[in-house]
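Model the placement of chain B on the given structure of chain A, informed by the hints.
Protein chains in written order, with our numbering: chain A, 7 to 302; chain B, 322 to 755.
Please keep in mind that the hints were generated in silico from the structure rather than gathered at the bench.
Beta carbons are placed, not taken as given, at the ideal position from N, Cα and C, and that holds for glycine.
Keep in mind that the hints are not guaranteed to be accurate.
To be verified - With a cut-off of at most 25 angstroms between alpha-carbon atoms, the simulated PhoX-like pairs for lysine-lysine come out as follows:
1) B/Lys425 to A/Lys136
2) B/Lys529 to A/Lys136
3) A/Lys65 to B/Lys486
4) B/Lys529 to B/Lys552
5) A/Lys136 to B/Lys666
Claimed, not checked - With beta-carbon atoms standing in for the labels, derived distance ranges:
6) B/Asp469 to A/Val217: 21 to 29 angstroms
7) A/Gly281 to B/Ser531: 52 to 60 angstroms
8) B/Arg337 to A/Leu224: 32 to 40 angstroms
9) B/Asn642 to A/Phe220: 32 to 40 angstroms
10) B/Asp568 to A/Leu224: 56 to 64 angstroms
11) B/Pro616 to A/Ala62: 55 to 63 angstroms
12) A/Gly286 to B/Glu482: 54 to 62 angstroms
13) B/Asp469 to A/Leu172: 41 to 49 angstroms
14) A/Gln63 to B/Arg337: 38 to 46 angstroms
15) B/Glu482 to A/Cys165: 30 to 38 angstroms
16) A/Ile68 to B/Asp469: 31 to 39 angstroms
17) A/Gln66 to B/Gln478: 58 to 66 angstroms
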Amino acid sequence: MSVAIADKGTREPERADDGGWTCVIEPEGRRFDLRLGELWHYRDLVYLFVRRDFVAQYKQTILGPAWHLIQPLLTTIMFTVVFGRIAGLPTDGAPAFLFYMAGTVLWGYFSGVLTSVSGTFTANAAIFGKVYFPRLAVPVAVLLSKLLAFGVQFAFLLCFLAYFRLRGAHVAPNAWVLLTPVLLVLMAALGLGLGVIVSALTTRYRDLAVVVTFGVQLLMFATPVIYPMSALPEPYRTWMALNPIAPVMEAFRYAWLGAGEASLAQLGLGAVVTGVIVLGGVLLFNRVERTFMDTV
Amino acid sequence: MSAIAIRIENLSKHYRLGQIGGGTLREDLHRWWAGVRGQPDPASTVDDALVGGPSDGELWALSDVSLDVRQGEVLGIVGRNGAGKSTLLKVLSRITAPTSGVVKIRGRVGSLLEVGTGFHPELTGRENIYLNGAILGMRRAEIDRRMDEIVDFAGVQRFLETPVKRYSSGMYVRLAFAVAAHLEPEILIVDEVLAVGDAQFQKKCIGKMSEVGKGGRTVLFVSHNMPAVIKLCTRCLVMRDGRITLDGTAEQAVERYLGDVDESATVPLHSRRDRTGNGAIRFTSFGLQNAAAVPVARARTGAPVVLALRYESSGQSACRNVHVAIAVRGHFDEHLFHLSTGSEKHDFDEVGASGTFCCELPFVALQPGRYPIDIFCAVNGVTADWVRHAGMLEVDAGDFFGSGRMPPVEQGPFLVHHRWRCEAPEVDDGVAQA
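In isolation and in its complexed conformation, chain A is listed as follows (with noise of 0.2 angstroms):
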């Protein structure tokens, strides 16, 4: 179905037969056109998700969006009492609060963008079968929205990284911050491809719904969030550099702490990797979104 939407006050003169038409449906639509033109003359609802996703997640809630930052600090005291004192797991260094905090808000971005994105089809499905909009809208949205709770989070990571500074811990942020945008936008192009995918998949295998909540747990051990790289025994760490994750986290906790190891051919072997994945993603949620109706 390749589109284009003419705005309503722009829109051609009538003519007596062919040409002039405003929307063309066909039965195969260009592979790897996302029809980001027609996203953006839906940008309004993009935006109404976003806001949609923020908003109605807290209502009715006594501390509202403060559980943006309740939850990972909680979870960072909890990671900081098992695996930093009780278990006694290495940190490069590094303060262990500061560690595993760095950890789980980057980790938390990418595997609520993974979550949510990959039930992009079947928590959609009703409205999806009532009316036509971009379906990307959905996935965009989360991105974004997603992104804010990360903004919110990471300046809060900031407070407590100034705090431990001038209490003169050994933090020292460097030049590597400056790649942060990089590493986030790897991070987002990996847990929408990933969750794209299972999404596309999920129409007609349910089973990957149940696969999703406890593979994103158990991927989080994975990947180097509650230990650093540098830990990690030989024969392990070679099957790590395939972990696209791996190098982005890595790199965002030795940019902010100092700690760890930034390697820029991971994070290119990474990137390839995450290319590969949003294409196959790209390539799938095209297909799904013209006949997924058929098969929910």
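Relative to the frame of chain A, chain B by itself:
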């Protein structure tokens, strides 16, 4: 001649029934492996295997439909369930893609949707107006311009900042409809099936449609409501098995449709496929009985009759909380009256795994004629089986009034017992006493 608003060229839509049912990866792998080894599809049903042939388990919901719709036409589409009407609308509103063929559209397409699609209960009335409008394709500036009108129309000024979950159902409906009514697309799509069960909404839809049609915009209208079709549509299609079988005036189309319906009533009930429901209970046959429970072919005006619905349940055990209803329709397929376990006493607390639901009419108060009936059954509030035009209630002439005479048929289908008398002018009390 006005310009063409919609051009449909050789449109087809194909469903593979077997694949819709299969929902897990394991089944698909199994199926794929069987295919590799050249064995029959393990997911195909026994029926398919016995009959064979490529058409089994496949359904052409639309086959080779071509059509031009001109601007300003109010086009009705009628047909039995499963004829492809809704599929056609779904393709036109881009909810699902066609298998082959091309549709070209000039102008913005909008649908009247089921009440509250896309409403979020936690958001306020104002927020939901924006959200709902955006889902329907409106820009924010456009909604801003119409905000006052929408709020006025819905009559919710005082509750604009209240979450819609606190709205009464009437307010909710009014707000949802107000947004849709102010969308103003060049091409309006109305699928009555989407609005089943909400009489108020249907009425508003029809009002809005005639207004839109008069405004020179194009309307596509799918309905089972024949009087509405005749009243509103300037042109009408009859669809059957995914094809257009007639393209003409509304009157011609309704006549043909009712002919199709008559024909479908001759298919045995248990093998009818155009039914909805989860199948917890299925009707297997419909018949008439006289007062002595002897099957009869026709009822007689004024005489008692029993409408007997045989059923089977999918499980072995009894079903609880069973609601059964029969809708009797008239000449133009309009609803005449409704016989339901809900209005008479109460629903059945418990029924056996199979049996017969009997609905007794002490006397038939209808003119002689043929009356299509719909039958419906719900278990625990969930639709179990619903067959439209499941059978005919044929009524022969009888002596309803005990006078041997009948009112003329064109005065209406119903017969009502009544008594006439003539009273002299009231006598003044004072005079009488004097």
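Here is how each hint holds up against the structure:
1. B/Lys425 to A/Lys136: With Cα atoms ~20 angstroms apart, lysine 425 of chain B and lysine 136 of chain A stay inside 25 angstroms; holds.
2. B/Lys529 to A/Lys136: Holds, because 19 angstroms separates the two Cα atoms, which is no more than 25 angstroms.
3. A/Lys65 to B/Lys486: holds, 12 angstroms
4. B/Lys529 to B/Lys552: holds, 13 angstroms
5. A/Lys136 to B/Lys666: violated, 37 angstroms
6. B/Asp469 to A/Val217: 21 to 29 angstroms: Taking Cβ atoms as reference, aspartate 469 of chain B and valine 217 of chain A lie about 49 angstroms apart, which means the hint is violated.
7. A/Gly281 to B/Ser531: 52 to 60 angstroms: Holds: the Cβ-Cβ distance is about 54 angstroms, inside 52 to 60 angstroms.
8. B/Arg337 to A/Leu224: 32 to 40 angstroms: holds, 35 angstroms
9. B/Asn642 to A/Phe220: 32 to 40 angstroms: holds, 37 angstroms
10. B/Asp568 to A/Leu224: 56 to 64 angstroms: 59 angstroms Cβ-Cβ, so the 56 to 64 angstroms window holds.
11. B/Pro616 to A/Ala62: 55 to 63 angstroms: holds, 58 angstroms
12. A/Gly286 to B/Glu482: 54 to 62 angstroms: Roughly 45 angstroms apart at Cβ, these two residues miss the hinted range, so it is violated.
13. B/Asp469 to A/Leu172: 41 to 49 angstroms: 54 angstroms Cβ-Cβ, so the 41 to 49 angstroms window is violated.
14. A/Gln63 to B/Arg337: 38 to 46 angstroms: Hint holds: Cβ distance 39 angstroms, inside 38 to 46 angstroms.
15. B/Glu482 to A/Cys165: 30 to 38 angstroms: holds, 34 angstroms
16. A/Ile68 to B/Asp469: 31 to 39 angstroms: holds, 35 angstroms
17. A/Gln66 to B/Gln478: 58 to 66 angstroms: Between glutamine 66 of chain A and glutamine 478 of chain B, where Cβ atoms are some 24 angstroms apart, the hint is violated.
Checked against the numbered hints listed earlier, the structure breaks hints 5, 6, 12, 13, 17; every other hint is satisfied.
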